[in-house]
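**Q** Numbering (mature numbering (1 follows the signal peptide of the UniProt record, and there is no 0)) for the sequence shown: -23 to -1, 1 to 464.
Errors might be hidden in some of the hints.
As the list claims (entries may be wrong) - With a cut-off of at most 30 angstroms between alpha-carbon atoms, the simulated BS3-like pairs for lysine-lysine come out as follows:
{"no.": "1", "residue 1": "97", "residue 2": "213"}
{"no.": "2", "residue 1": "51", "residue 2": "153"}
{"no.": "3", "residue 1": "135", "residue 2": "169"}
{"no.": "4", "residue 1": "85", "residue 2": "97"}
{"no.": "5", "residue 1": "85", "residue 2": "51"}
{"no.": "6", "residue 1": "194", "residue 2": "254"}
{"no.": "7", "residue 1": "194", "residue 2": "153"}
{"no.": "8", "residue 1": "259", "residue 2": "194"}
{"no.": "9", "residue 1": "51", "residue 2": "213"}
{"no.": "10", "residue 1": "213", "residue 2": "259"}
{"no.": "11", "residue 1": "188", "residue 2": "85"}
{"no.": "12", "residue 1": "153", "residue 2": "254"}
{"no.": "13", "residue 1": "135", "residue 2": "85"}
{"no.": "14", "residue 1": "135", "residue 2": "188"}
{"no.": "15", "residue 1": "97", "residue 2": "51"}
{"no.": "16", "residue 1": "169", "residue 2": "97"}
{"no.": "17", "residue 1": "259", "residue 2": "153"}
{"no.": "18", "residue 1": "213", "residue 2": "169"}
{"no.": "19", "residue 1": "85", "residue 2": "153"}
{"no.": "20", "residue 1": "188", "residue 2": "169"}
{"no.": "21", "residue 1": "213", "residue 2": "188"}
{"no.": "22", "residue 1": "254", "residue 2": "188"}
{"no.": "23", "residue 1": "97", "residue 2": "194"}
{"no.": "24", "residue 1": "135", "residue 2": "51"}
{"no.": "25", "residue 1": "194", "residue 2": "213"}
{"no.": "26", "residue 1": "188", "residue 2": "153"}
{"no.": "27", "residue 1": "254", "residue 2": "213"}
{"no.": "28", "residue 1": "85", "residue 2": "169"}
{"no.": "29", "residue 1": "259", "residue 2": "188"}
Hints in this document: simulated from the structure, not taken from any laboratory.
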Amino acid sequence: MARRTTHIPLVAIVLASVCSSLAAPKAGGLELIILHNNDMHARFEQTGAYSNDCQPSDVASNRCYGGFARVAHKVREYRATEASGGLPVLYLNAGDTYTGTPWFSVFKDNITAAFLNILKPDAISLGNHEFDLGVEGLVPFLNEVDFPVLVTNLDLSKTPEMQTSRSLQRSIIFTKAGVRIGVIGYLTPETKQLAPINTVEFLDEIEEINKEATSLKNQGVNILIALGHSGLERDKEIAAQCPDVDLVIGGHSHTFLYSGTAPDVEDPAGPYPVMVKNAAGKEVPVVQAYAYTKYLGYLHLQFDTEGNLIELDGTPLLLNGTVERDSDVLQLLELYRPGILALDAQIGHSNVFLDSSRCRFEECNIGNMIADSLVITYATTREQSNDGFWTDAAIGFIQGGGIRASVNAGPITMKDLKTVLPFGNAMVVTDITGAQLRQMLEQSVHRYDGVSGYGEFLQMAGVNVEYDLSRPPMQRVVHVKDIFGVI
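All chains, please: the whole structure from these sequences, using the hints.
**A** Below, the structure written as structure tokens:
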């Protein structure tokens, strides 16, 4: 209860901004707490401020963050209060627990299922990274977990192994304090392009959510939550175009939403929650909780007897070193640790902090290093066909979304490498024309808004490009030249 007391000043701020647009109060109804997170990306162990390794100095200053042991402690606190007669609680996860650290690289679905099972979410949605190992790498996870996995916009007619899996379903109904609450899952259709080739077809989220919402309403469900993984901008479209949805809990864009002064290094992309007005004039809250287990989203909601949202407050809870870590989760981590100890071997050294926090938005030093390394590695280790130049391939690219962590100044280990670049992508050399290069650079910023952090933003070597972001998409490149000043 002490934790909830600390929220009172923030509650006043949030209520002042959102209550005026919510429905007028009616007697009875439901008061509910929702805890949520997204894009945990295999951060089973605590991390530093930038999702890098937690250092001894960080421990001393309470600047180690997240990890499943802290998430478990906070979720269990609220559930214990519920069990003692407090407010009912739902804990929901919006996908992308797969991929991001050596823990996952080594143990894959096994460790992911084990750690999510110990957290006991009421439900999760799938994220695009759950498809990183193909359907064959996802089905074991779906059969290992002890909770529902929700996605309503999949066509699995050609993928029977997913149809018959243990946990996958379109939606679920929970009953809290005698009130039925429906949760509908969704996943970005971009997964078809982002994941290995598979037979799953991805349908339009809004159309399928509306179909499932109608089905749930016909079953007497008046409170509907959309839980999914399509990014903040699509989440807002879902809130606007799905008239029966009362709350959208999202992921994918790693968006940090916060009202007031942010508690750590992240800059808020908007208030928590973002309020979206649908066609009927209903205000629908949209939330995310950043990524990497650093925050746990907290919403306190009140609905009337007809399922109208009449009051809400909340904030992302920073899981720093002041939050306890539960021992059973730490013990589970130690069971897996021997499998990654070999990755502690030092492979390099950096004199500076290699910062990945803005690689989806702007040139970053770790992106420069990786792109330069691609060019230098090819020039020094591969046979060259053009004797007139130092290399056949003087330009290198990596997408910002492929760079997944920062690295502290000092020794660099194989563990660091696999955390920064967890996907196992191959270095590929190809010939392209100047026109194709320009098209690549346009694609890099065609959705750029400075907020959403789309992963296609390119980090590069051997190229200098100037963008004008006020121009229409695919017309934003002003100048582009290589190291010789020509293209």
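**Q** Compare the structure with each hint and give your call.
**A** Do the hints match the structure? See the list:
Proposed proximity of residue 97 and residue 213 is supported: the alpha carbons are some 28 angstroms apart, at most 30 angstroms. Distance check on the hinted pair: residue 51 and residue 153 sit about 20 angstroms apart at the alpha-carbon level, within 30 angstroms; holds. Simply put, residue 135 and residue 169 have alpha-carbon atoms about 14 angstroms apart, close enough for the 30 angstroms limit, and the pair holds. About 19 angstroms separates the Cα atoms of residue 85 and residue 97, which keeps this hinted pair within 30 angstroms; it holds.
Distance restraint check for residue 85 and residue 51: the Cα-Cα separation of roughly 25 angstroms lies within the 30 angstroms cut-off, and the hinted pair is therefore satisfied. Between residue 194 and residue 254 the alpha-carbon distance is near 20 angstroms, which keeps this suggested pair within the 30 angstroms criterion. Distance restraint check for residue 194 and residue 153: the Cα-Cα separation of roughly 17 angstroms lies within the 30 angstroms cut-off, and the hinted pair is therefore satisfied. For the hint pairing residue 259 with residue 194, the CA-to-CA distance comes to about 17 angstroms; that is within 30 angstroms, so the pair holds.
About 28 angstroms separates the Cα atoms of residue 51 and residue 213, which keeps this hinted pair within 30 angstroms; it holds. Simply put, residue 213 and residue 259 have alpha-carbon atoms about 13 angstroms apart, close enough for the 30 angstroms limit, and the pair holds. Annotation: proposed proximity of residue 188 to residue 85 is violated, straight-line Cα distance about 34 angstroms (limit 30 angstroms). Restraint check: the Cα-Cα separation between residue 153 and residue 254 comes to about 26 angstroms, which is no more than 30 angstroms; the hinted pair holds.
Between residue 135 and residue 85 the alpha-carbon distance is near 24 angstroms, which keeps this suggested pair within the 30 angstroms criterion. A hinted pair counts as satisfied when its Cα atoms are at most 30 angstroms apart, and residue 135 with residue 188 qualifies at roughly 21 angstroms. Straight-line distance between C-alpha atoms of residue 97 and residue 51 comes to about 12 angstroms, which keeps the hinted pair within the 30 angstroms bound. At most 30 angstroms may separate the alpha-carbon atoms for a hinted pair to count; residue 169 and residue 97 meet this at roughly 29 angstroms.
Distance check on the hinted pair: residue 259 and residue 153 sit about 23 angstroms apart at the alpha-carbon level, within 30 angstroms; holds. Proposed proximity of residue 213 and residue 169 is supported: the alpha carbons are some 22 angstroms apart, at most 30 angstroms. This hinted pair does not check out: residue 85 and residue 153 have alpha carbons roughly 34 angstroms apart, beyond 30 angstroms. As the CA atoms of residue 188 and residue 169 are separated by approximately 22 angstroms, the hinted pair is consistent with the 30 angstroms bound.
Restraint check: the Cα-Cα separation between residue 213 and residue 188 comes to about 18 angstroms, which is no more than 30 angstroms; the hinted pair holds. Distance restraint check for residue 254 and residue 188: the Cα-Cα separation of roughly 20 angstroms lies within the 30 angstroms cut-off, and the hinted pair is therefore satisfied. Restraint check: the Cα-Cα separation between residue 97 and residue 194 comes to about 27 angstroms, which is no more than 30 angstroms; the hinted pair holds. With a C-alpha separation of about 40 angstroms, the suggested pair residue 135 and residue 51 falls outside the 30 angstroms cut-off, and the hint is violated.
For the suggested pair residue 194 and residue 213, the alpha carbons sit about 22 angstroms apart, so the restraint of at most 30 angstroms is met. A distance of roughly 24 angstroms separates the Cα atoms of residue 188 and residue 153; the hinted pair therefore holds under the 30 angstroms criterion. A C-alpha spacing of about 9 angstroms is found between residue 254 and residue 213, which places the hinted pair at or below 30 angstroms, so the restraint holds. Annotation: proposed proximity of residue 85 to residue 169 holds, straight-line Cα distance about 21 angstroms (limit 30 angstroms).
A C-alpha spacing of about 19 angstroms is found between residue 259 and residue 188, which places the hinted pair at or below 30 angstroms, so the restraint holds.
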